[in-house]
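Enquirer: In order, the protein sequences belong to chains A and B. Be aware that the first sequence starts at 1, since it is given in my numbering, and climbs by one per residue. Be aware that the second sequence starts at 174, since it is given in my numbering, and climbs by one per residue.
Treat the hints as calculated values from the structure; they're not laboratory data. Please read these numbers as outputs of a predicted model, since none were measured by experiment. Mixed in with the good hints there might be a few duds.
[To be verified] DSSO-like mimics (lysine-lysine), calculated; alpha carbons at most 30 Å apart, straight line: (1) A:Lys37 with A:Lys97; (2) A:Lys37 with A:Lys4; (3) A:Lys151 with A:Lys118; (4) B:Lys233 with A:Lys4; (5) B:Lys182 with A:Lys4; (6) A:Lys63 with A:Lys107.
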Amino acid sequence: MFLKLIGSILVITASSLLGFIISSDYARRPSQLRTIKTMLQVFENEIYFMSSILHEALEKAGKAGDNEAALIFTRASENMRKGTFSSTERAWAEAVKYCMPRTALDKEDEEILVSFGKILGTTDIEGQVKNIRLLISHLEIQEKKAEESRKRNEALFRNLGILGGFAIVIILF
Amino acid sequence: MSGIDLIFKIAAIGIIVAVLNQVLIRSGREEQAMMTTLAGIVVVLMIIANEIAKLFNTIKTLFQF
Numbered sequence: 001m002f003l004k005l006i007g008s009i010l011v012i013t014a015s016s017l018l019g020f021i022i023s024s025d026y027a028r029r030p031s032q033l034r035t036i037k038t039m040l041q042v043f044e045n046e047i048y049f050m051s052s053i054l055h056e057a058l059e060k061a062g063k064a065g066d067n068e069a070a071l072i073f074t075r076a077s078e079n080m081r082k083g084t085f086s087s088t089e090r091a092w093a094e095a096v097k098y099c100m101p102r103t104a105l106d107k108e109d110e111e112i113l114v115s116f117g118k119i120l121g122t123t124d125i126e127g128q129v130k131n132i133r134l135l136i137s138h139l140e141i142q143e144k145k146a147e148e149s150r151k152r153n154e155a156l157f158r159n160l161g162i163l164g165g166f167a168i169v170i171i172l173f
Numbered sequence: 174m175s176g177i178d179l180i181f182k183i184a185a186i187g188i189i190v191a192v193l194n195q196v197l198i199r200s201g202r203e204e205q206a207m208m209t210t211l212a213g214i215v216v217v218l219m220i221i222a223n224e225i226a227k228l229f230n231t232i233k234t235l236f237q238f
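Could you put together the complete structure from these sequences and hints?
Expert: Laid out in structure tokens, this is it:
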């Protein structure tokens, strides 16, 4: 009897936690997209006004972010400093791919970020600033979509997790 | 299992399916809502199948067919 009780509590907790995790992914995506935008502004200022070196500008931008999305910038700056990659595009792409599982960002966001890396560091200051502005506008569109999807899905998956746990317990009890 | 427990179990499944139905319909996923309703019906039928077989057996022996 006791064992059954403990088992059911475990199943319900596990299923609810699963629901919470999936729903928190949807909740964190808009705020991560917003921090990337802030960091890009810092990056743009560094390049335009201070003419910093690429990896220094990336590192300063990474320090300005306060959630997991900042990992992309700091790792990209490390990659470029160590010089282990043959081009800035590869260094940026590796940083994005490495940090993707740790962030709540989408496949679409990943493609947009990787395509930003193609122009990164290749043109003059004006070209870089235009590239950054383009990326910012893309990310704004993504952020709007992410807000909508968050409104629809966050409460849904939380409730689904809890109710699914109860359903399993009741059917198997 | 005894008769009363069976009734409670089926009632609980019914409540859960109703709540899941509403949650899914409210968030716009009507096909998934229909799927969970059907799944609930199938689960309950599987639980009941044995009892229905016994019921028909009893009726047969009662009327001596």
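Enquirer: Now, for every hint given, state plainly whether the structure supports it.
Expert: A quick look at each hint next to the structure:
Between the alpha carbons of A:Lys37 and A:Lys97 the distance comes to roughly 19 Å, so the proposed pair stays at or under 30 Å and holds. Annotation: proposed proximity of A:Lys37 to A:Lys4 is violated, straight-line Cα distance about 50 Å (limit 30 Å). A distance of roughly 33 Å separates the Cα atoms of A:Lys151 and A:Lys118; the hinted pair therefore is violated under the 30 Å criterion. Restraint check for B:Lys233 and A:Lys4: the C-alpha separation of about 38 Å exceeds 30 Å, so the hint is violated.
Taken as a hint, the B:Lys182 and A:Lys4 pair is honoured in the structure, with Cα atoms around 15 Å apart against an allowance of 30 Å. With a C-alpha separation of about 25 Å, the suggested pairing of A:Lys63 with A:Lys107 holds against the 30 Å cut-off.
Hint compliance for this structure: hints 2, 3 and 4 are broken, all remaining hints hold.
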